[in-house]
Amino acid sequence: MIKQKVRVKSFKINDITVTGRSDQTLLEVAKEHNIFIPTLCYLEGLSCVGSCRLCLVEIKGAHELVPACTSKIKEDMEVITTSEKIDSHRKMILSMIFSERSHTCSVCEANGDCELQNKSVELQLDHSLVPYIDSRFAIDASHKNFVHDPNRCILCSRCVRVCSEIEGANAINIAGRGINSQIIHDMDDPWIDSQSCTSCGKCVYVCPTGALYEKEISKEDVITKREIIHNLLKSRAENE
Amino acid sequence: MNKIRLATIWLDGCSGCHMSFLDMDERLIELAPYFEVVYSPYVDTKEFPQNVDLTIVEGALSSDHDLEMIKKIRANSKLILALGDCAITGNISAMKNLYGSEAVLQRGYFELADMNEENRYPSTVVPKLLDRVIPLHEAVKVDYFLPGCPTPADAIYEMIHALINGTTIDISKYTRFGK
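Residue numbers (the working numbering), protein chains in the order written: chain D, 86 to 325; chain C, 34 to 212.
It should be emphasised that the hints constitute simulated quantities derived from the structure, not laboratory data.
Don't be surprised by glycine CBs; every beta carbon is placed ideally from N, CA and C.
Do not take every clue at face value.
[Claimed, not checked] In silico BS3-like pairs for lysine-lysine, Cα to Cα no more than 25 Å straight-line:
1) C:Lys212 x D:Lys176
2) D:Lys310 x C:Lys212
3) D:Lys159 x D:Lys116
4) C:Lys174 x D:Lys170
5) C:Lys174 x D:Lys176
[As the list claims (entries may be wrong)] Short, incomplete list of chain D residues facing chain C, as computed with Cβ under 10 Å:
6) Thr189
7) Cys190
8) Ser220
One chain only, chain C, in its complex shape:
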């Protein structure tokens, strides 16, 4: 049996959905034989690989780096699963849209800063913020959506189980926005 090449990543999220993934507990052992984890915060790969079967993406798109990554993920993955409310609605990450990225930088690097000797925002090394935070599907085609904040472990398990077996599930039995 060919193992499913799995990648997971978190973009602008809190890692809560990845925690939820680990909360599948002993069911991870049941799922492990089906997968080869080729890229993830759980493993130590630096570059996003080619020929990925399924990429699970947590978090919204907030920076030019997020945008670049999601395009690369789309190009290199057969399927994308948007995991959690941030990836699907923007959620907490997108709350700053109500004020704009400029206001957030102003607050973080000037108003609340104890020291900012150069008196400017960082412009190198750290990625540049987009004007507005967007959910994944506003930038690329997304194949599956699994909402929740964080998505419950049961929902992740049932979804992955269905994907392995090629069956369909009603995700609303396991999760919803904000769950």
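If we strip away everything but chain D, and leave its shape as in the complex, we get:
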């Protein structure tokens, strides 16, 4: 494989001149310059897929907003990370995520420890801008340690990516189309019957909501286990 030459590019984010390597994404360069862009499906150390769209930013001259996590930087581009238009788009996206499945915080395993819930605080969304869909999916509690509740899934695909890219098991995938999509194990087998799942639990500890959770575990242990996985991801990212 011919390695592409990496160059230094300068451009503007919110009228501040920044520089980055040509193989970096907008989000990475913004983070390096302490410019905050909200994210949800993004996780340092995993590939970027732009599935949640919360990191949408505006590039001057472009017709549509683009996700910062998957956009490569270009010389002289002018990027805006916050404006009335962007904020209202982000609120609408968050509303759609909330309304698509049944995120009943008060009865959720992840209440108080949920990235989706935290986004509502961060983006100051105090009610959904679209009606709730009220779809219902079967819960898979067949695994001895873990539960998969698709009713709380936001289809961020972090679990799919961590299983493939870090654990190397490729046990999880997404099946179906549109809002009826859901994550499956192997050929849509019950989790316990999955031949490729190693029961490592990485998927559980990268899940931003309560869609994947461990049975009978204390909140303290959840935090410890999550930190271990996140540190592993970070050190892998730094070594690459």
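Once you have looked at the hints, place chain C on chain D.
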């Protein structure tokens, strides 16, 4: 000083948010001079009055009666504050939407019933369930949203305090969904 005509009501909720309201404790005494409570589970008014300044609504809309009430509340109130997750998201009340009202009635009046001599759902006196439980803002315009399950007393106090003084607050400092 004209007192603020305040109404509070709970529709399909558990009354937890009203409990939280009372949990403001001694701060209620501080707020009391500003308000005249014209309709509420705390007082004994039968009919929802006219010319209400602020109505605090707890609970989601589950029945034809809830729907009728919220329309009356909207018509008679200058401002509506949706209090708690049920009023804002449907929350616990809306969990039955995943199965439908018919399934819930079936379960309650047939499968789990020790006796149901007439062998049917009650259709008089009790209100009729809507097909799906909805948050307030899917039926009427809501002016303020204060989430929480139940909304913490501090959040209610800060919100009411801000409304009295005409200031704005960042409610996310005090509450969020599920808090």
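Quick rundown of the hints versus the structure:
1. C:Lys212 x D:Lys176: 20 Å, holds
2. D:Lys310 x C:Lys212: 24 Å, holds
3. D:Lys159 x D:Lys116: The given pair, whose Cα atoms are some 16 Å apart, holds under the 25 Å limit.
4. C:Lys174 x D:Lys170: Holds, at roughly 23 Å.
5. C:Lys174 x D:Lys176: Given pair Lys174 (chain C), Lys176 (chain D) holds - Cα atoms ~18 Å apart, limit 25 Å.
6. Thr189: It holds, given that the least Cβ distance between Thr189 (chain D) and chain C is near 6 Å, below 10 Å.
7. Cys190: Holds: closest Cβ of chain C sits about 3 Å from Cys190 (chain D), inside 10 Å.
8. Ser220: Since the shortest Cβ distance to chain C is 8 Å, the answer is holds.
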